[in-house]
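For the protein sequence lines, the chains are A and B, in the order given.
The first sequence: position 40 = 40 (this note's numbering), numbered continuously.
The second sequence: position 15 = 1015 (this note's numbering), numbered continuously.
I should point out that these hints are in silico values taken from the structure, not numbers from a laboratory.
Please read all numbers here as calculations on a predicted model, not as lab measurements.
Note that the Cβ used here is the ideal one computed from N, Cα and C, for glycine as well.
Keep in mind that a hint or two might mislead.
In silico DSS-like cross-links for lysine-lysine, where the CA-CA straight-line distance does not exceed 30 Å [to be verified]:
(1) LYS1163/B / LYS1210/B
(2) LYS412/A / LYS322/A
(3) LYS409/A / LYS51/A
(4) LYS2/A / LYS1123/B
(5) LYS194/A / LYS116/A
(6) LYS2/A / LYS1163/B
Quick look at which bits of chain A chain B covers, simulated, 3 or more residues with Cβ under 8 Å [said to hold, decoys possible]:
(7) 8-22
(8) 367-380
(9) 447-454
Computed Cβ-Cβ distance ranges for the label pairs, DEER-style [stated by the list, open to error]:
(10) ALA47/A / GLN1121/B: 50 to 56 Å
(11) ILE436/A / GLU1031/B: 50 to 56 Å
(12) ASP1137/B / TYR4/A: 27 to 33 Å
(13) ILE1227/B / ILE436/A: 56 to 62 Å
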Amino acid sequence: MKIYRTMSIALRALRRNPMRATLTTLGIIIGIAAVIAMMEIGNGASAAIQKSIVSMGSNMIMIQPGTAASGGVSFGAGSVMTLSPQDCDAILQQCPAVQYVAPIVQARTQVVYGNKNWVPFFIVGSTPAYLSIRNWTELAQGDVFTDKDVRNANKVCLVGNTLARELFEGDSPIGKEIRIKNVSFKIVGVLTVKGANMMGMDQDDIIIAPWTSIKYRVSGTSLGNVNQSSAASTSSTTVNSLKNLYPSSQLSLYPTQSTTQAADTPQPVRFANVDNILTSTSSTQNIPLAIRQVTAVLRERHHIRQEEPDDFSIRDMTEMIKTFTTATSLMTNLLLCVALISLIVGGVGIMNIMLVSVTERTREIGLRMSVGARARDILRQFLVEAIVLCLIGGVLGILLGHGGALLVKYFKHWPVETSLTAIIAAVLVSMSVGLIFGFYPAWKASRLDPIEALRYE
Amino acid sequence: MQLLELKDIWKTYYLGDIDVPVLKGVSFSIEQGEFVALMGTSGSGKSTLMNILGCLDHPTSGEYRLDGQEISGLSSDGRAMLRNSRIGFVFQNFNLLPRTSALDNVMMPLSYSVEHLPERQAKQRSVEMLNLLGLADRMDHEPSQLSGGQQQRVAIARALINKPSILLADEPTGNLDSHTSEDILRLFQQLNQQQGITIILVTHDANIAKHAKRIIRISDGIIEGEIKSDAGGVK
Ligand SMILES: Nc1ncnc2c1ncn2[C@@H]1O[C@H](COP(=O)(O)OP(=O)(O)O)[C@@H](O)[C@H]1O
Ligand SMILES: [Mg+2]
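Just chain A, same shape as in the assembly (with noise of 0.2 Å):
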């Protein structure tokens, strides 16, 4: 009731001229606006970084081959085929901390249906835990090729949304046959729509295979191409029967078969890299401790003498999300700085403007004082006429900010999350500074003698 009262007294002295309050208040407006903005604007930002991250599988880890030189040439990393698919076993069974494993082996080469071709952005060959890793399981259409499908070297693959679209316009593509590079592979499912990743890289322009058909059957250009050092490389112009178990050898222990029959009946080969092994944790704690039983497998099983350095590496998402997560919590904290500053100096207004108000009004509070009010009363009605001014400043920035984080989000299609924690501490900072700035002007006004008060021209 008393604080309604003295509410409704502060609102009757504010509107006494309220083109000098809407002034004082500005400082006030624009701080918590920018506030306001930032907020809404960051936090959408982190967001869509985070949402883009759980996309592309946020616990995953990545093992690349490692680098090879020779002649002081380096070719870059993967340009040495040390990963091969028994490391995957191994990793599944020896590290505790790995939940899922898949081997990936990459091409890039066209894609026949019909009349229509297609380069995919990705030809990936790998295993149904790929799927597990990407948070891809749940399919659009049709079921996931099975791990018997990669033993076998079947040809089937999955789809992604845009390739899809591209190939068969609106036509269901299940069961229907595509060429990769001239070997036909059965569509078995569609991918749910991903979306673009942090790169701006379309996700769902993707084929997946089985990693043996795509590593015998289509072998494309696959990263072990690009050394030049290796002699070993596969020709793309022939079929791979996957016959030669030691191609550099001239023994022949069987009778030759015919290419076409060689093609109709693969045999897996003792030893085959991968272009790169995908790992993930069940949980994003535990990305150091598999890095760390991964590293010590993979050294144990490749032979590497203490000394020596990891014939691979690995990376995870972690250093990637801190770089995004670094990035856009500077640029809020700065301008964070730049509306507390501004907020600051709406205060520093606020306090000058009740101070003047203070010295105009000196006969008011004399009268005040001489009809009753305690010096405590004077204190209260000027901190609440101030934190009022405040507050209405700090509800016209709330909407201003809201309103240009809006108009951001409408014309430049920035991703904006609306925060309740802003809006309620945007709230408690202008009362705040409404009770900081004007306290000490209130407290001059207590502390007027009435007698001179009344008698102030």
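Please build the complex by placing chain B with the ligands on the supplied structure of chain A, with the hints as guidance.
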């Protein structure tokens, strides 16, 4: 029992090294229901005395009892509460809040009262008070839209809103023409007779002072004499 009682009140202002004695041993008492004029030339110390009577100021020495209660022992908060409940002020320059309606001006002292009336009752009481003073059709007018006499009536309504026992008026007609002054003075007489409100009227003008039942003459900080007037009644 006396409503208020002054015993040897001294008030000295200290301006740097110079002492300025303004009141030099003032003693008198006023009973409940009196209408007293404090008369004296300009600078004789009337307003200073008035501030002490109104509990706005301390005397330098002396005793002041209001309703048997010694005032000099009160804290400033205690004096504020006393002013709110027992004393009403009327000023020469009205001292209304600018750009505030007559009604809100009258309601203002209620927000500092201890009993703390709810908003509706406070409003109702203010409306009644303005009606009593003949301002029924001026409730929503701001001071700038009112004549001097009307403004002073609003100020009197404000002074009376907390039902004080004493009304202190310092040159209340100083800014009014003679006709309006007469109106206001008659209003004081009415309030004194009909409501039994004790009124202390400060003036330098004998023509105004004669409206009171009793005139106390003050000169240079000393009570000079006292006249019982018979002109106090409403004609
Ligand atoms: N605050 C003050 N400081 C110093 N002198 C004062 C103060 N207030 C009043 N006086 C002096 O006291 C004397 C009486 O003043 P006042 O009571 O206002 O006279 P009156 O109201 O009778 O005209 C004047 O001479 C004035 O100069
Ligand atoms: Mg005077």
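Results for each hint:
no., hint, result
1, LYS1163/B / LYS1210/B, "26 Å, holds"
2, LYS412/A / LYS322/A, "26 Å, holds"
3, LYS409/A / LYS51/A, "17 Å, holds"
4, LYS2/A / LYS1123/B, "15 Å, holds"
5, LYS194/A / LYS116/A, "24 Å, holds"
6, LYS2/A / LYS1163/B, "21 Å, holds"
7, 8-22, "holds (count 3)"
8, 367-380, "holds (count 11)"
9, 447-454, "holds (count 3)"
10, ALA47/A / GLN1121/B: 50 to 56 Å, "54 Å, holds"
11, ILE436/A / GLU1031/B: 50 to 56 Å, "52 Å, holds"
12, ASP1137/B / TYR4/A: 27 to 33 Å, "29 Å, holds"
13, ILE1227/B / ILE436/A: 56 to 62 Å, "59 Å, holds"
Against the hints set out earlier in the document, no violation occurs for any number.
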